[in-house]
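Take a look at the letters that make up each chain.
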Amino acid sequence: MTTLLEVSGVSVSFDGFRAINNLSVQFAEAELRAIIGPNGAGKTTFMDVVTGKTKPDEGRVIWGEKNISLLGMSESEIAMEGIGRKFQKPTVFEDQTVRQNLAMALKNPRGPFAVLWHKRTKANGARIEAIAEQIGLTAQLTRIAGELSHGQKQWLEIGMLLAQEPRLLLVDEPAAGMSVEEREKTTNILREAAKTRAVVVVEHDMEFVRRLGCKVTVLHEGSVLAEGSLDHVTRNQKVIDVYLGRGHA
Amino acid sequence: MGKSFLSQNPSVLWFLIGLSVFTLVVTLLSEVTGIAFISTSFVKTLGKTLCLCLIAVAMDVVWGYCGILSLGHFAFFGIGGYAIGMWLMYARTEIIVLESLAGQVLPPTPQEVSDAIGTQIFGVVGSSEFPLIWAFADSLALQLLMVVLVPGALALVFGWLAFRSRVTGVYLSILTQAMTLALALYLFQNDSGLRGNNGLSGLQNIPGFEDTSQATISIIFFWASALALGLGYVFFAWVVSGKMGSVIKGIRDNEARVRFLGYHVESYKLFIFTITAVVSGIAGALYYPQAGIINPGEIAPIASIYLAVWVAIGGRGRLYGAVIGAAFVSLLSSWFTGGGAPDVPLGFYTIKWTDWWLVLLGLSFVAVTLFFPKGIGGLFDKLVRKPS
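Chains as they are written, first to last, in the numbering used here: chain A, 1 to 249; chain B, 1001 to 1388.
A portion of the hints provided could be inaccurate.
[Unchecked claim] With a straight-line cut-off of 25 Å between C-alpha atoms, the simulated DSS-like cross-links for lysine-lysine are:
1) A:122 x B:1243
2) A:66 x A:195
3) A:107 x A:53
4) A:55 x A:66
5) A:215 x A:238
6) A:107 x A:195
7) A:185 x A:195
8) A:119 x B:1243
9) A:107 x B:1243
[Claimed, not checked] Some chain B residues flagged as far from chain A (calculated, every beta-carbon gap over 12 Å):
10) 1111
11) 1305
12) 1331
Worth flagging that the hints you see were computed from the coordinates, not collected in a lab.
Cβ atoms here follow ideal geometry from the backbone N, Cα and C, with glycine treated the same way.
Modelling step: build the complete structure from the supplied sequences, incorporating the hints.
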């Protein structure tokens, strides 16, 4: 498998606090990966660096087969390169319908004039229908997004990400606040999406990670502590110390 | 645009019908038909109000839809007024000068004519030289171009600098206030080239139409203002419908999210800021010939704040709300400040509305913000249940 994203030797500090410390991690073309770690392990900062929100103090972030450096690119440029991000809190445009939300996210020219002259086409309509089908919101297309349930908003946001047709999907705690049923559906959506692209799920709910059944990267104090299958990392003594018993460390 | 656009936006059609009926009724009742139920000066007030409605619509797009609380759009309005005022003043002074020089034995040289016009216009600020910015003042076509180009260029440069540095929220509002204040202070100077605090006057006299009565001229400007408002309304309704509307409302509600969707938020803000500035310039160019005079006081920071108040009272995020707010508040304002409202004797104190109107306006603004965030336009929601 070819490497899609390579983060190497990245460090970020805020006012002396090292949120990320010499972090190196790689993601392949089409894989599902979970990143776990206790609070303050640097999970969110890692996503901020990849999506261009935070500039690292040192290190490299290399993207795609052309080995482009993502550092120095703006958020919108990185998004156009094919990196989509789902925030922890569902952030959809609550004033607008599900269809409008998806239409905005659909991969199309993003310039103001292209958007101004944009016309609804059958092809775009079909893409929206297909995504709505995938996230199970077909019946809700004309509803205002603000009226959706918490779970539906999460799926809508995942749907918006899929509509962007990204090659890498960063998903921040998708299962937070979801019922068991909703979790199951979320797992299926993510597994399905990971067949054609890289999906990186940041999560600290072990049960949900187990459901995903994928390779796991454990972050601790801003760097990788362990990597492998969930069973492999949970047997790792360092991981046990960090997660279960800091007392005897 | 076309049929589907109007059928998808029934409020636009209703607005156009209402505007047409209003224009027709005012015309029929004006002095030109002989009925003269509406005086020429009131026709001018109504025409000016339509121009204020147009800039309010622009303000609603930039603030209500795109979330940029610009407190400087009256600067663009004023620039539009100055641009057209320069031609009006130049052309009319030229006619007067040529008439007065006509009796001479030797025909005056172009230099003499130019000097005489310069003395007439700039004598009041102790000068007779034409400043560079008057270079195109003899051409109506070029000055009309300036009405559009100068506000557009200023908005483009200012917006580019501000949005590029990601200045948002109240900081941006303060910056736009500073812009309009700086422009007003500059224009107040006698050597600004625009007659300092005297401003440009006599703008109601349209060169070439000396024999046309003010009643007729006022009606023509009233029609032009109504046409501009109608076109502006349809244009902005088209801009905010569809995908552009989705994106700018998204920017208003969650700028960062739009950015992560891959949209270059700054370009969108700049686009909206600039087109609304251009429309504000056009509104100003129609307003000041009806007002007759423009001076730097017109673009004082408070003017742009009023604009925001109108839109807030009328109802943000709906174009007809802006029209209602601007019309309602500005007409009410001229009624109160014009001495139309009766004083309220309280025994120990008499409330004179000329002094207290601003207090009333301020209180209404606070009340609307707190209790009716959707403004007057929000009342329509209760009447019409619009399927979305």
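Exercise. For which of the previously enumerated hints does the structure constitute a violation, in increasing order of number?
Worked result: none
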